[in-house]
Amino acid sequence: MEMLKTRMVSMKEELVSLSDLDSLRVQDQAKRAALNVEKEKLEENKGPVHTTLQKLQENNKKLQKQLNDNETHSQLSNLERKLAQLEQNNFAIKEFVASKKSETDYDPLKVKVFAVVKEYNTLLKDHLKTGGSLAS
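End of the sequence shown sits at 136 in full-length UniProt numbering; the numbers just go up one at a time, nothing left out.
Hints listed in this document are in silico derivations from the structure and should not be mistaken for laboratory results. One thing to keep in mind: the hints can contain errors.
Said to hold, decoys possible - Derived pair list, reagent style BS3-like, types lysine-lysine, alpha-carbon separation capped at 25 Å:
#1 Lys55 <-> Lys41
#2 Lys112 <-> Lys125
#3 Lys46 <-> Lys61
#4 Lys112 <-> Lys101
#5 Lys94 <-> Lys112
Remember, it's a predicted structure, so these values are computed and weren't measured experimentally.
Model the full structure from these sequences, guided by the hints.
Pasting the structure below:
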């Protein structure tokens, strides 16, 4: 209910401001004039900015050509590609070695086998102490 009252009050205020068409027209005209002035300024700056952009693009192309023609840059680019390839190969080899190492890691199995042998030996000793024979 409170919300409806506040909404009614705000709608009445909006109705008052919107009913004054003359002031709205004046505000609209002022805004249009300001936007037109801004548009003209931007259009005046468009030409010089465009020529500056073209000059910078030409300069960039020239510098790029010089860089591509530079032997040191070519060698450096080739070395960077080789380095990336070698890093990939190194990573693949490390993964391969790790997988093979995990496949051939017999330490956990060795520990279990020794535990079973120890237990079996204990059982044999106990059996022999109680007077049993190994043949039975």
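Report the numbers of all earlier hints that the structure fails to satisfy, in ascending order.
5
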